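Chains as they are written, first to last, in the working numbering: chain A, 1 to 390; chain B, 1001 to 1285.
Calculated directly from the structure, the hints in this document are not laboratory data.
Predicted model only: the values in this text are computed from it and were never measured.
If a hint is listed, it holds; no wrong ones were tucked in.
Mimicking BS3-like on lysine-lysine, the simulated pairs with C-alpha atoms at most 25 Å apart in a straight line are: (1) LYS135(A) to LYS92(A); (2) LYS1056(B) to LYS386(A); (3) LYS386(A) to LYS1016(B).
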Amino acid sequence: MKKVIYVDNNATTKVAPEVFEAMKPFLTDEYGNPSSMHTFGGKVAKYIEQAREAIADLLGASDPSEIIFTSGGTESDNTAIMSTLRSYPDKKHIITTKVEHSAVLNLCHYLETIGYRVTYLGVNSEGLIDINELKSAIDQDTAVISIMYANNETGVIFPIEEIAEIARIRGVVFHTDAVQAVGKIPFKLTELPVDLLSLSGHKLHAPKGIGALYVRKGTRFTPLVIGGHQEHGRRGGTENVAGIVGLGVACQLAKQAMGEERTRIKALRDKLERAILEKIPHTRINGHPQYRLPNTTNIGFEFIEGEAILLMLDEKGICASSGSACTSGSLTPSHVLKAMGVPFTFIQGSIRFSLSRYNSEEDIDYIIKNLPPIIARLREISPYGKERVS
Amino acid sequence: MWFYSEKVKELFKNPKNVGEIENPDAVGEVGNIICGDALRLTLRIDKKTNKILDAKFQTFGCASAIASSSALTEMIKGKTIDEAARITNKDIAEYLGGLPNEKMHCSVMGMEALEAAIANYRGAPFKKETVGEEKIVCKCFSVTDKKIIRAIKENNLRTVEEVTNFTKAGGGCGKCKPEIEKLLKEFWEKEETKKVHPKEPIKKKLTNLQRISLIQETIEREIRPQLKADGGDIELLDIEGNKVYVKFLGTCLGCPATGVTLKALVESKLKEFVDTDIRVEEVKE
Chain A
1 MKKVIYVDNN ATTKVAPEVF EAMKPFLTDE YGNPSSMHTF GGKVAKYIEQ AREAIADLLG
61 ASDPSEIIFT SGGTESDNTA IMSTLRSYPD KKHIITTKVE HSAVLNLCHY LETIGYRVTY
121 LGVNSEGLID INELKSAIDQ DTAVISIMYA NNETGVIFPI EEIAEIARIR GVVFHTDAVQ
181 AVGKIPFKLT ELPVDLLSLS GHKLHAPKGI GALYVRKGTR FTPLVIGGHQ EHGRRGGTEN
241 VAGIVGLGVA CQLAKQAMGE ERTRIKALRD KLERAILEKI PHTRINGHPQ YRLPNTTNIG
301 FEFIEGEAIL LMLDEKGICA SSGSACTSGS LTPSHVLKAM GVPFTFIQGS IRFSLSRYNS
361 EEDIDYIIKN LPPIIARLRE ISPYGKERVS
Chain B
1001 MWFYSEKVKE LFKNPKNVGE IENPDAVGEV GNIICGDALR LTLRIDKKTN KILDAKFQTF
1061 GCASAIASSS ALTEMIKGKT IDEAARITNK DIAEYLGGLP NEKMHCSVMG MEALEAAIAN
1121 YRGAPFKKET VGEEKIVCKC FSVTDKKIIR AIKENNLRTV EEVTNFTKAG GGCGKCKPEI
1181 EKLLKEFWEK EETKKVHPKE PIKKKLTNLQ RISLIQETIE REIRPQLKAD GGDIELLDIE
1241 GNKVYVKFLG TCLGCPATGV TLKALVESKL KEFVDTDIRV EEVKE
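One chain only, chain B, in its complex shape:
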């Protein structure tokens, strides 16, 4: 059983804007009956202002597909084409108060139908045509690489399962799963190299004295206050190359969490502010 939000249930039971606009100014059709869901969106648009005056839908699909379609029509009415074009599947899902993960593809279908309708208004055929450069990855549901990559990008998808939830790709025979895996890997590797790494300040090699005082400063500023807040304290005992020896005091003594504190607070702060090679060791007496 699916646990749908109240909004999904409401829009499924009493969908708004069901039907078809006669002589529409724009039509968007996505999906087909074999895939298990399909949406036909018709729009009335004011040619002067480019404002969407009316929107109607017809949907073949489950409750969330019907609710997503209805939500979409409600969201775009009164908006200009340019405003509507900025609506994403996330916006549709949010409007619905969320969708079960396995049903996210319903919101994607809404977004695609809108895009197809806008493209149609601007002169494209009303059925989304696959252009030459795209490649069908999932044969069961006719999902292209372009659609998959877009879903990965816009929804920050990391696993094949997530891609299936959002696009249905891989949800049939499952043969294309390795290919989806590859697309994910390629996409995120590319993103990684694209990332503008903040220019790291060229660190001057510290003298031993500078290094010791920087460690002391960091302990005073970043670490000790946090420990004191819990009634504990820390003492710097010695520094040997990259090894820093400390002793816990106060309530830290005998606290079973000192191991975590040592790594998650003391060592990580010293790594952050002094040197990434630093290792901290606790001295117990």
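So here's chain A without its partners, still in its complex pose:
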């Protein structure tokens, strides 16, 4: 098989072998419904509760009952925002940012069409919001503030502690889409006044189709998915038992990897970044150099286009992603990079490398060896960058 260097872990991750092993019984012999009266089904419920505890533990939450299982990040985001709006029916204002994931952004666009008012906070060239802008955006009508913990494209980490504190003082519910952050950096929700927090399984080596929403005790909640009594009536639908068990194990593994592994991944990311900046001219890092996830780097290559870079990398078995227009089919480049004001000569040629604990030093060396000739070749084909940038 062709060599595969997977450095697109912000898109999705490999299911950890331990996770897969833990899930297997629930896809074969242990297929019971946890809501059943008989022992065969009922005994499954305890594994769900164990998983809930593991997630609460990774998040540093005070009680496992604060965790609701969902189908993934998008459902968690939708649940958090819709639940809050329904719980405060008189308030019609939402605050978010221009750089959110589409799970939040497109929901907000939709809410605008049915009578809600949305403030989209801008970001500076390093991808960070202006706290004063946030403060002045809050008014009597504000129902919810939803700001991502870390950006998926650039890895930029927002000052969530400060934001959450402002929301708390002003009495506004605060939701954070932490899909990219959970499992990559430590959390202690007992000390972080976040009301609602979304996470997704497949970003931390659990499978796709499972996620969770943290709902702090005391937060008003109205379910989005209405059905059976599952999750204490907060999310209808028979539990995705195998997925839940997998997510639990993935959270345990993530907690174990939070120390040395995290340092190792960051060192690899830094090595990759340094080598690229050093070996390839006309290159820049998009995003704040310090306030960033340890696994992510978004690098702009001037004068060339991202899709072409990705396909050339693909030829070498390297899997990365790009915010260029051509890759999305939308014709316009990434809304995140545009909001940051990344220069137009760089924006189309921006590539994201996102690492995981399954990446080795050899992977990074392989990229460092193969990337420069690709960039050079595409610049040869490009009409720009030869003293003739028009």
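Following the hints, complete the assembly by docking chain B onto the known chain A.
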């Protein structure tokens, strides 16, 4: 992920004719870095024969933009200017074994660069200038009404989405979509009136007898043979003004598709050959 043809992949991985001809006889430049793609085409042309001796390109853009540019240079080498001028974006897309819909604008860019180069050879400046009468419709990608109408015409485009695929217009902020919609509507309405409708033979009003025999003839010639081929048959029961009553026989009896046959075959043939007002009804016993 895009699913590119083998030809696109091949020409992207190993593009032919990359570079720039020194002291070229013609230069064509289209697009710009903000729009996300740009192409610079340089040509060596034999002044006596007007034959394109060599063509080179430089492209900023995705895989399909690079492949389209490379294809273009391969297609025009050895052709005379007049021959090359007949190449359309469709020809480029065909040469590439097709392009994903969202990437058709890459082939349009190739055609435009060629046109700009030919115009340049004939004395125009090498950058395509927007002439006074054109109007920029899509501000995000600087697409003019002229370019949109041309794409509509040459590629038989019917929806705003198709226009975006071919020209990029409307693919940015999307504010110009209503205007594109308007251009589409205007264009196709104009086409409709332009259409030379085949002169309809002035139909003499048929007498009742003529009408009945024409219906019978049409059933015999156009309808019955088709039904018989499937083991069925039809019987003409009665005619009352525009209403024709028929009965299905043979395998048509109890066939769940008779409703469709009645409309799609019997009624449509009678409308075609006898009178557009005819309605056919099935009599079941």
